[in-house]
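K.L.:
Here's the letter readout for the chains.
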Amino acid sequence: MTRTPWEEPPRWTERAEGSSPEERLGVALRAAAAATLARVPTFALQAPLATVGSFSTPTGRGWLFPALAVAALTLGGAVAAAQVIRAARLAAFTRIEVPRGSTVSLVNRRSRRMRLVGPIAVSGDGDRIAISGEGEVRVEAGEEPLEIRPPTGGSVIQLAPGTSWPPAAQKTPEPDEPRLEPGPSGPPAPGPLLIATPGPPAPPVRVLGARPLRTAVALTPPALAPPALAPPAFAGRAVVAPAWPSAGQSANAAARDGDEAALVASMFRALHTERDPARALALAESHARAFPSGELSVEATAARVEALLALGRRPQALEILDGVSDEAAATSPARTLLRGELRLAAGRCAEALHDFAAVESARAVSGTNDLGSRALVGHATCSAQLGDLIGAGASFARYLQILPRGPAAGEARRFLSAHPVGNLNGTFRPPATLEHSEKEPQ
Amino acid sequence: VRLTLLRSAPAVSGPVDIDELYRRHAPTVGRWAARLGGPGIDVQDIVQDVFVVARRRLRRFDGTANITTWLFRATERIVLAARRQARRRAWLSRTPSDLAPAGPRSRPTPLEAVERDELAATLYRLLDRLPERQRQVLILFEMEGLSTAEIAALTGALIPTVRVQLHRARSRMAALYQSSEADQLDARRRT
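Heads up: the protein sequence lines correspond to chains R and Z, in order. The numbering used here puts the first residue of the first sequence at 1, with every later residue one more than the last. The numbering used here puts the first residue of the second sequence at 1, with every later residue one more than the last.
Hints listed in this document are in silico derivations from the structure and should not be mistaken for laboratory results. It cannot be assumed that every hint is accurate.
Said to hold, decoys possible - Covered stretches of chain Z, going by a simulated chain R footprint (3 or more residues, C-beta under 8 Å):
| no. | region |
| --- | --- |
| 1 | 34–48 |
| 2 | 169–175 |
Stated by the list, open to error - Quick list of simulated restraints, FRET-style, between CB atoms:
| no. | chain 1 | residue 1 | chain 2 | residue 2 | range |
| --- | --- | --- | --- | --- | --- |
| 3 | Z | Q178 | R | R11 | 14 to 22 Å |
| 4 | Z | G156 | R | I85 | 49 to 57 Å |
| 5 | R | F65 | Z | Q178 | 51 to 59 Å |
| 6 | Z | S171 | R | L37 | 20 to 28 Å |
| 7 | Z | Q184 | R | L37 | 37 to 45 Å |
| 8 | Z | E118 | R | S19 | 14 to 22 Å |
| 9 | R | E17 | Z | R56 | 41 to 49 Å |
Said to hold, decoys possible - From chain R, some residues computed to sit far from chain Z (all C-beta separations above 10 Å):
| no. | residue |
| --- | --- |
| 10 | P21 |
| 11 | L25 |
| 12 | L64 |
| 13 | V79 |
| 14 | A88 |
| 15 | A282 |
| 16 | E285 |
| 17 | R313 |
| 18 | D322 |
| 19 | H354 |
| 20 | A357 |
| 21 | A409 |
| 22 | G410 |
No residue lacks a Cβ here, since even glycine has one placed at the ideal position from N, Cα and C.
Looking at chain Z on its own, in the form it has when it is part of the complex (with noise of 0.2 Å):
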């Protein structure tokens, strides 16, 4: 369903109808907000600041890009923002950006969803020590599932780039989780 809404997202020209453009593309920002930010932010809160935005800025849209890469940049720019204001926040507080409050859960965590959840923070532990681009083409390659020409579509990056930076990615992603094993299997034994 994702794919097609993307593929079939037309070139807007003219003025863009902002309730009709939320109602197609609201969960599809959402996934994107989900899974670029990670478990630190507040999905609903980047889904509304997107659409602010989109609301503000559309009525200048001159049509000469998707849509959806229009709103893709959108909600990067915003999670970016929003990662740095939590950085910040757990920087000043002394806490752990993993610790910080997890956004709204959609349902009760049973003992599955606390593993999943715990795996998927200490994952995205890892990825916050990639670089940004390279941290944002994984994702969306992995998680999101876009082939790296849609990556490249979204991001405005060629395709060749892309694969190169896929291809930094998970090399040095690999490197980052094999030693983090290793730190937690020492951690165990000296426990």
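Bound-form chain R, shown alone (with noise of 0.2 Å):
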């Protein structure tokens, strides 16, 4: 039998019993047929549909969960992965722990090139920056030289190329590196330490090699405190060579070995990591006998001073600073304008105003840091005391035009309320309010 492309072709179910497969299939289909229709339950099929929506999500936002928990993947993703970059660039410094309490100064630092790592503070600019607290700075190993200049005066503690910080074992140097002090005892001993001799400005020095990169921790001037028209306080910040021993354990070994440095580094420590300046300045007294010319006395004797001026021994101070001569003074505008203080405070205002103004006219110093500005007051508080209320007055009034909210400018407006004849010369007008002056420099 012939069909036509459009006609149906038979059902199986359609034939009659018989013996052939589709027959057979047939009838296996017409039971199949069957067996699935008397499976349908169609009284359950007339329930209510609230009974059939039950199941149904009532809010509708099945996408809410499945996008947070994909956008949660993405985001731990990428935190892994910052995290994991971050380690990798980690890896390519070399790390220098800072202990806690010193203040150290990297010269020569190149921005990239320095990570810092936990709560360092960061003070300075320039190619020397300061740095404070506890932590570790990573320094990259860069490819092309570095110029390092010594600073000029105070000393330089130098890493040789490679080595880490503290050093784990002392090195012995090679014939063009730098020559390294041994030691002190302890662990952990700071086998490859230059000591720069303490000088004019050395001219630049360029290191090449395979790993050129140096580190070098310079011993920063003393911070001074907030000016006073009173005698000022002396409240010196860390000037801090990096902790090795604890001061009271080996500072007694270390003068015995004859290593100045680590005897240094003690005295620093009992001054700003122990807070005992009475231990500091015995310490300063060993140093003295034992090492009467060493390299490190400048350092010595800043730290003498410093220890003397917290036990409040302000005369002895005095007289240490009044045997530095003016041209080593120069080098440290901040030690020339401690001694103007202590003379000004010691009535010998003539010696005072000598040093104030070696200050104010200092290149690295001007009136908007806290040097300048305490040079400032100390010179204005001079010249009245000496009967020049003109120059008192011009002190005054540039002090109040560069912090007119500063600690001192209740004090100097005062001064030139009760001597109009200081504001002759017009170089101060008094803010209407503060609200229009100048925001407080850091």
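Each chain sits in its own coordinate frame; assemble them with the hints.
P.N.:
Here it is as structure tokens:
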């Protein structure tokens, strides 16, 4: 039998029972149709729709949780990737630990080559960055050579290339490497240390080598106390070499072993970490006996002065500072300012005026920073005590122009109000309100 | 009656009255589910799932398709998922799928019903060896009594395509049935 293409094929289920496979399949299909139809529970299908729909999602926000899950996974992956990248970058850096309470300067710092890890405070600018706090500094090992300029005055503690800080073991210096001082007893031993002789500024040193980056750690001048018209109070900030052995345990051993650097470090550690100026003063005297002409005499003297001030023995501190020549004092405006303030407190206004003028004329010091403003106040106070009201008024007026809300602003206004002659040159115009005054510089 | 339901179902436009939809199409959906799923699925579950989906999705039904086509496709997907789940459970429990618990029976099973169920189970074992589309076309044509044009309307395929699939399904089914009968004969001889 032939069929046209549009004709439906005969169904197997419509065939009568027979012996052919199609006929037997028709029987099976009929039985299956009846069996499946018997399984349809028609009474259940007439149930109210409320029963059917009770399992539906009421809010219709089924996408929310999958979306949140995808977002969380994406965010977690990004955070993990950032951590891996950060760890990989830090792995390329030389790790330097900064002990608690220390202040170091990284000379020849270049951006992107230094990473600070931990609660470390950074102050200063240019290529001399003071780092204080506890944590670590990682310095990248660059490919191109760096220029290292030792600071004028002070000591330079320089890491040998490729060494960590503090060094784990003492190393034998190479002929071309800086001279290494033996380390103190007790861990860790500061092996590759270079103690540079204080003196005139050295020409830039160009360091070449496989690992050309070097990190210089320099002692920085002490910061001074807030200005005061009364005899100045000194609250010197730490100028500390990195902490090596504790002062109490290793000072005697260091002196016995002749390690001047360790002894000076112990002095600063006693001053700023242990807060024990008496011990620091004793260590300073030990240093004077053991190293009467040591290479770190300037640092030891600075520590001695700081200890005396902390003990309230200002005359002795001033006596030491009086022994510093003007040429040596000129290398440190902070030291000169301290001497001037001590001289002012001692009633030696003429000499103090000389120191304040030296500070004001120093190129590195402007009136906007702490040293400059304190020098202005000291200059005004000395001038007033010497009867130079015009000079005092000019200094106060300049102070108010720079720091209208500074610590000595009230005293300056009272002086200018009481002595109008000090404002004869018209350099000072008191602001009507403080709202329009300049923001006080940091 | 079922053909009347199928052919008289109008194209829906606008909001769908889900209660009316359930009343009119639940028996049809149940029958589709039973036929397509075979003895291994729970028909009530399938019907409930279909109308739960319908209640959620038909709010955005644009009326461009026939509502029965939409319901059939939903039934088809849900039955397919249920069959896959049944196969997965059978594989995990290492039991044949035809031994999986059958759905609730509407009446007590006499001897004829048992024989009929066994025959249906055997037939569905063979149907499960067909490709999915061929299996579906053969069931709708032979058991559901739909024409190839109606099958094409339900499945969204062209009529010639349905006829080709039906031809291939019947040829393959006949071969499978003969092979199955030969195997049964051999098993009887061995026993």
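K.L.:
Hint by hint, note whether the structure agrees.
P.N.:
Going down the list of hints, with the structure as the test:
no.: 1; hint: 34–48; in the structure: holds (count 8)
no.: 2; hint: 169–175; in the structure: holds (count 3)
no.: 3; hint: Z:Q178 x R:R11: 14 to 22 Å; in the structure: 19 Å, holds
no.: 4; hint: Z:G156 x R:I85: 49 to 57 Å; in the structure: 51 Å, holds
no.: 5; hint: R:F65 x Z:Q178: 51 to 59 Å; in the structure: 52 Å, holds
no.: 6; hint: Z:S171 x R:L37: 20 to 28 Å; in the structure: 26 Å, holds
no.: 7; hint: Z:Q184 x R:L37: 37 to 45 Å; in the structure: 26 Å, violated
no.: 8; hint: Z:E118 x R:S19: 14 to 22 Å; in the structure: 21 Å, holds
no.: 9; hint: R:E17 x Z:R56: 41 to 49 Å; in the structure: 47 Å, holds
no.: 10; hint: P21; in the structure: 5 Å, violated
no.: 11; hint: L25; in the structure: 5 Å, violated
no.: 12; hint: L64; in the structure: 15 Å, holds
no.: 13; hint: V79; in the structure: 36 Å, holds
no.: 14; hint: A88; in the structure: 44 Å, holds
no.: 15; hint: A282; in the structure: 83 Å, holds
no.: 16; hint: E285; in the structure: 87 Å, holds
no.: 17; hint: R313; in the structure: 88 Å, holds
no.: 18; hint: D322; in the structure: 93 Å, holds
no.: 19; hint: H354; in the structure: 91 Å, holds
no.: 20; hint: A357; in the structure: 87 Å, holds
no.: 21; hint: A409; in the structure: 72 Å, holds
no.: 22; hint: G410; in the structure: 75 Å, holds
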